[in-house]
Amino acid sequence: MTELVATTPGLYPLPDWAKQRLSELKGHQKGDLVSGDEGPEIVDAYDQAREEVVADQQGAGLDRIVEGQLRWDDNLAHPLTVHDNVETGGIVRYYDNNNFYRDPEVVGELDFSGDVAAELETASDLLAAGDSLQAVLPGPYSLADLASDEHYSDEAEFLDAVGEFLAGEVEAFPEHETLFLLEPSLVENAPDDDLDARASEAIDAVADATDANVVVHSYWGALEEKVYAHLMDADVDAIGFDVVAGDRSQTLYNINEYGTKDSVALGLVDGQNTLVESPETIRDRIEWVQEQIPAQEFDTVYATSNTELFYLPVNKYQEKLAALAEGVALARGEETEVQA
Amino acid sequence: MSRNADNRAQFVPENHENDHFLLTTVVGSYPKPKWLNRAKDLSEDEDARFDADNLEEAYDDASEVITHEHERTGLDTVVDGEMRRNEMVEFFAHRIDGYEFNGPVKVWGHNYFDKPSVADEVEYDEPWLVDEFEFTRDVASRPVKVPITGPYTLANWSFNEAYDSEEELAYDLADLVNLEIEKLVEAGARYVQIDEPALATTPDDHAIVGECLERIADGIPEEVRIGLHVCYGDYSRIYPELNEFPIDEFDVELCNGGYEQIDVFTEPDFEPDLALGVVDAHTAEVEPVEEIKENIKQGLKVVPPEKLTISPDCGLKLLPREIAYGKMENMVTAAREVEKELDAGEIDLDAPVPTAD
Numbered sequence: 001m002t003e004l005v006a007t008t009p010g011l012y013p014l015p016d017w018a019k020q021r022l023s024e025l026k027g028h029q030k031g032d033l034v035s036g037d038e039g040p041e042i043v044d045a046y047d048q049a050r051e052e053v054v055a056d057q058q059g060a061g062l063d064r065i066v067e068g069q070l071r072w073d074d075n076l077a078h079p080l081t082v083h084d085n086v087e088t089g090g091i092v093r094y095y096d097n098n099n100f101y102r103d104p105e106v107v108g109e110l111d112f113s114g115d116v117a118a119e120l121e122t123a124s125d126l127l128a129a130g131d132s133l134q135a136v137l138p139g140p141y142s143l144a145d146l147a148s149d150e151h152y153s154d155e156a157e158f159l160d161a162v163g164e165f166l167a168g169e170v171e172a173f174p175e176h177e178t179l180f181l182l183e184p185s186l187v188e189n190a191p192d193d194d195l196d197a198r199a200s201e202a203i204d205a206v207a208d209a210t211d212a213n214v215v216v217h218s219y220w221g222a223l224e225e226k227v228y229a230h231l232m233d234a235d236v237d238a239i240g241f242d243v244v245a246g247d248r249s250q251t252l253y254n255i256n257e258y259g260t261k262d263s264v265a266l267g268l269v270d271g272q273n274t275l276v277e278s279p280e281t282i283r284d285r286i287e288w289v290q291e292q293i294p295a296q297e298f299d300t301v302y303a304t305s306n307t308e309l310f311y312l313p314v315n316k317y318q319e320k321l322a323a324l325a326e327g328v329a330l331a332r333g334e335e336t337e338v339q340a
Numbered sequence: 341m342s343r344n345a346d347n348r349a350q351f352v353p354e355n356h357e358n359d360h361f362l363l364t365t366v367v368g369s370y371p372k373p374k375w376l377n378r379a380k381d382l383s384e385d386e387d388a389r390f391d392a393d394n395l396e397e398a399y400d401d402a403s404e405v406i407t408h409e410h411e412r413t414g415l416d417t418v419v420d421g422e423m424r425r426n427e428m429v430e431f432f433a434h435r436i437d438g439y440e441f442n443g444p445v446k447v448w449g450h451n452y453f454d455k456p457s458v459a460d461e462v463e464y465d466e467p468w469l470v471d472e473f474e475f476t477r478d479v480a481s482r483p484v485k486v487p488i489t490g491p492y493t494l495a496n497w498s499f500n501e502a503y504d505s506e507e508e509l510a511y512d513l514a515d516l517v518n519l520e521i522e523k524l525v526e527a528g529a530r531y532v533q534i535d536e537p538a539l540a541t542t543p544d545d546h547a548i549v550g551e552c553l554e555r556i557a558d559g560i561p562e563e564v565r566i567g568l569h570v571c572y573g574d575y576s577r578i579y580p581e582l583n584e585f586p587i588d589e590f591d592v593e594l595c596n597g598g599y600e601q602i603d604v605f606t607e608p609d610f611e612p613d614l615a616l617g618v619v620d621a622h623t624a625e626v627e628p629v630e631e632i633k634e635n636i637k638q639g640l641k642v643v644p645p646e647k648l649t650i651s652p653d654c655g656l657k658l659l660p661r662e663i664a665y666g667k668m669e670n671m672v673t674a675a676r677e678v679e680k681e682l683d684a685g686e687i688d689l690d691a692p693v694p695t696a697d
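Line order of the protein sequences matches chains W and E.
For the first sequence, the residue numbers in my numbering are 1 to 340.
For the second sequence, the residue numbers in my numbering are 341 to 697.
No wet-lab data here; the hints were simulated from the structure.
From the three backbone atoms N, C-alpha and C, an ideal C-beta is built for every residue, glycine too.
A couple of the hints might just be wrong.
Selected chain E positions facing chain W (in silico; Cβ < 7 Å) [stated by the list, open to error]:
# : residue
1 : G443
2 : V445
3 : W448
4 : G449
5 : H450
6 : N451
7 : E501
8 : Y503
Selected chain E positions facing chain W (in silico; Cβ < 7 Å) [what the hints assert, rightly or not]:
#  : residue
9  : N442
10 : Y452
11 : S457
12 : F499
13 : K657
Under the rule of at most 27 Å between Cα atoms (straight-line distance), these lysine-lysine pairs were calculated in the BS3-like manner [said to hold, decoys possible]:
#  : chain 1 : residue 1 : chain 2 : residue 2
14 : E       : K380      : W       : K19
15 : W       : K30       : E       : K633
16 : E       : K372      : E       : K657
17 : E       : K657      : E       : K633
18 : W       : K30       : E       : K374
19 : E       : K633      : W       : K19
Construct all of the structure, not just a fragment, from the sequences and the given hints.
Here it is as structure tokens:
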């Protein structure tokens, strides 16, 4: 019997009051963004905002609770931009979006930081009995891809170093049920022949650092066949696929040709469009994918949005959380309460 | 293909002293007077006795002041600095049926944008810019140019809930832009500029922009000058394709990049007129006249003087107002001096600027 888990890849929009208050407290310029040593007023605003987004998830009935990554001004590059041995360069485009982040320039050894672990501790404190925490990190390949290296000798060594760095961060995490590693760069800027095996080894290094279930989530397209074949060598519990924006036939080809892990994550809700999917649509998409992969019954299906959710205005992000939880409940065959 | 309409002569001022004429213009936006921002804050303050009519009057005043400020720099064509517009997509989305707003979304850091959603088929309701144009025309003594955010950018910078593809949405919006231009032309407009900054980030969509422009230009008389403004892109990816666009003029920023890309446009021959950015919209220092003259000559590598228009790189709204003014003033002075040198035969059109090293 397949277990269905309603969850998200995190990186939520700030509540609107927090957008306002934090921009007043921090400023609008490059040098004003989160550095890892924020003052008490800023910490306080983030604490309050975090409480709200945890409550959003609890209220929606999601099966995993993420911290929300509200401090991640630089999106997935955040774990590096707050690191002591990283300088922040110019503002650069975030993948193919009208979004930008500060280029992290790695100028020294990527030793332990603890920034994300500290965030997760505060989220843990907000959990109710029965809630399960889900940690979120960029995958090592994407994090290396988003950064500039001025310290390590070559691309391969840098990728290994980013993998070891993330593994060290994960070791300091509080208890978590699931770890999502977001790897959009595997699609958007696929590793070449020298790096694709190494990207999977770097993922392995991070996955080895936790007892939690590890999901490597890809989005904005389908993985190239060879990248996927290498990714299957990584010792993770599930690979995530973008069912909304991705090339579904390529994804299904990969899965049916090479198999997939015992569990799977499905990006069923569009994190970049305000059109809110109905719970029935979400249920139908879960069933459709399962029908397309007749050879396998999954242990767990993680039903999620395809991308991070910070692209959305707050009301639509909240509606998407509710739709995901209700869609999963429908797929389980549960009666759902009709929302007023 | 380019419209190649011979509609430039109508913009030559009566007292123009030189035989050559380099049309001087601006891209559109200009720093808002500080008091206008205060007036806007007041109008949003429930305790203040400052209502919508008062705000409208403040907009009128600002438009008049900035139009005249443009004229004092000597520009051949002017705008009102887009005093009534808050943001280039939001302003239009508020005026088009089918759009709705859900709240701000992050662009970077704590910079947000009220990104609208297309929740239904877009439809034309009331004119977007006719009032703005008529007001500016009435206070101006020079021809008025009207910048309009292009349909591709309006589509690309919105959430699309209602259309099967962004392309279909862009074409529907292009039909609305065409309608708007017809109304502007009825009101007397002779110079419009379609702004498509989104093309720079997705240059592979140049054919969609081309089809949008076909719809926009459809039925617009030849004496109406249609420009296209694009900025901060890799132009090798849209050239020579842009030669096929039905436009009179292509306006591009190249000053910011030190004219590194100027050679892209030299082969094959450039079809439309070139409106070249000769002052940087992102540096807060006024370029000296001599430097701007060298920048103008970069344009002569691409088109002959009778096809060259002189413009800042982009909208100037992020600059301090006195810097914006100084840039335009020096730009006009530089253009007039280059015209004189052309009249005197002092510029070698085969090699207007020395090749580097």
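Just to be careful: measuring from the Cβ of G443 of chain E to every Cβ in chain W, is the smallest value less than 7 Å? Nearest chain W Cβ about 3 Å off; hint holds.
Using Cβ atoms only, decide whether F499 of chain E comes closer than 7 Å to chain W, and label the hint accordingly. It holds, given that the least Cβ distance between F499 of chain E and chain W is near 4 Å, below 7 Å.
Given a cut of 7 Å on the nearest C-beta pair, is the interface hint for Y503 of chain E held or broken against chain W? violated, 11 Å
Return the status of the interface hint for W448 of chain E: holds when the least beta-carbon distance to chain W is below 7 Å, violated otherwise. holds, 4 Å
For the pair we were handed, K30 of chain W and K374 of chain E, check the Cα-Cα distance against 27 Å. The hint holds at about 24 Å.
Have a go at the N442 of chain E hint: is there a Cβ in chain W nearer than 7 Å to its own Cβ? holds, 4 Å
Can the restraint linking K380 of chain E and K19 of chain W be considered satisfied, given a maximum Cα separation of 27 Å? The given pair, whose Cα atoms are some 21 Å apart, holds under the 27 Å limit.
Given H450 of chain E as an interface hint, is the shortest Cβ-Cβ distance to chain W below 7 Å? Holds: closest Cβ of chain W sits about 4 Å from H450 of chain E, inside 7 Å.
Assess, step by step, whether the Cα of K633 of chain E is no farther than 27 Å from the Cα of K19 of chain W, and give holds or violated. Distance ~45 Å between K633 of chain E and K19 of chain W Cα, so the pair is violated.
Is it true that the CA of K657 of chain E sits at most 27 Å from the CA of K633 of chain E? Holds, at roughly 23 Å.
Would the stated hint for E501 of chain E survive a check requiring a Cβ distance to chain W of less than 7 Å? holds, 4 Å
Identify whether the interface hint at N451 of chain E stands, where standing means a beta carbon of chain W within less than 7 Å of its own. holds, 6 Å
Violated hints, in rising order: 8, 13, 15 and 19; the structure is consistent with all others.
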